[in-house]
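Asker: Here are the chains, one letter per residue:
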Amino acid sequence: MSGPFRLSIPCRNKLMSKGSSIRQGIGIAFRLGTELVVATMIGALMGYAMDNYFDTKPWGILAGVIFGGAAGCLTVYRTAMTLQFDEEENNGDQTPKGEDS
Amino acid sequence: MKESPLHHFELHPSVHLSLMGIDISLNKAIFVMWAALAIVFILFMLVRKTEGRLVPTKMQSIAEMLLLFLRGLVDDFIGKEERKFFPFVAALFFFILSCNMIGLIPGSYTITSQIVVTGTFAIFIFMMTLFIGFGRHGLHFFGILLPSGIPKILIPLMIPIEIISMLARPFSLAVRLFANMTAGHTVLAVLFGMSLTLPWFIGFLPFGFTVLINALELMVAFIQAYIFTTLTCFYLGDVIKMH
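Sequence order for the protein chains is X and B.
If you read the first sequence in my numbering, its first letter stands for residue 10, the second for the next number, and so on.
If you read the second sequence in my numbering, its first letter stands for residue 218, the second for the next number, and so on.
It is worth saying that the hints were derived from the structure and are not from the lab.
Among the clues, some could well be false.
[Stated by the list, open to error] Example chain B residues on the side facing chain X (calculated, C-beta under 7 Å, incomplete):
#1 ALA308
#2 LEU371
#3 ILE378
#4 LEU384
#5 ALA385
#6 PHE388
#7 SER389
#8 THR427
#9 ILE430
#10 ILE444
[Unchecked claim] From chain B, some residues computed to sit far from chain X (all C-beta separations above 12 Å):
#11 SER242
#12 ALA391
#13 ALA406
#14 LEU422
#15 PRO423
[As the list claims (entries may be wrong)] Sample of chain B residues with no beta-carbon within 10 Å of chain X, all distances over it, derived:
#16 PHE226
#17 PRO230
#18 ILE259
#19 PHE302
#20 GLY350
#21 SER365
#22 ARG393
The C-beta atom is built at its ideal place from N, Cα and C for all residues, glycine as well.
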């Protein structure tokens, strides 16, 4: 009995194994895009709220956008750094580390 | 004949109910949510029934594979001694996965394309991380706003940035799932509308694309559930370990 949804074993291993590059890559790609946009939006919204509250018309939203963008970049940077760190660890298991790193 | 491609996201009550003046009418989304819960429950009861066999059945091996994979996530991001979060993470993954998958059946409804649903998940998770953080670390939890090893002169600059990046977490969780599901289903609706309005000798082209996009949406349904759970684990691990 074999159902229509049976995956071949190598394919299954590729999708499910811990260090799967396809799954990780797609996951990271979907994550980072929204991270940047949402952080900027949150910053702008906070700045806008501050503007309305303290009556400092253009300055709150300006600072908010800049801080929000910085926060987004920081999140992306951190994610990328952990990713690179993981990759180095994985490579370290199989091949000796290069001198130039 | 002009129908908006966003038309199928609209919700209208199908059973009118009210409890003490509060409108609790049932609509399509609620029925689909119940169906999703029922599917997860019944599938796992079926798996549970075959427990203890020497040769695992097909269902059992799929369930074991997925659960081991989720346990790996919990171990990696939260830590081996924090396995008590595993049931929560697994329940979240299977619920979102079954909601996304049900949405792909033509004529049904994608409840994860409503920002109310994804937002509720995200806010609940955010509140949970705050409670766990303050419960574990007390007032030291504010230290999460100060990354270690930054010069003192940068502190007034870093604190607003860290606050924004902390507050962006629930929003990005909610918006990612909502936007991906909505976008995919809108594309499907547009293509299908095209194939209905065009004459048949061109109309078969968009129709073929709907089939392909449906396959892509199947992958997106799985990946979005996976990302949602990964990030939940990551945020929980972040407040437990504090950087």
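Asker: So, against the hints stated earlier in the document, which numbers end up violated here?
Answerer: 1, 2, 8, 9, 12, 22
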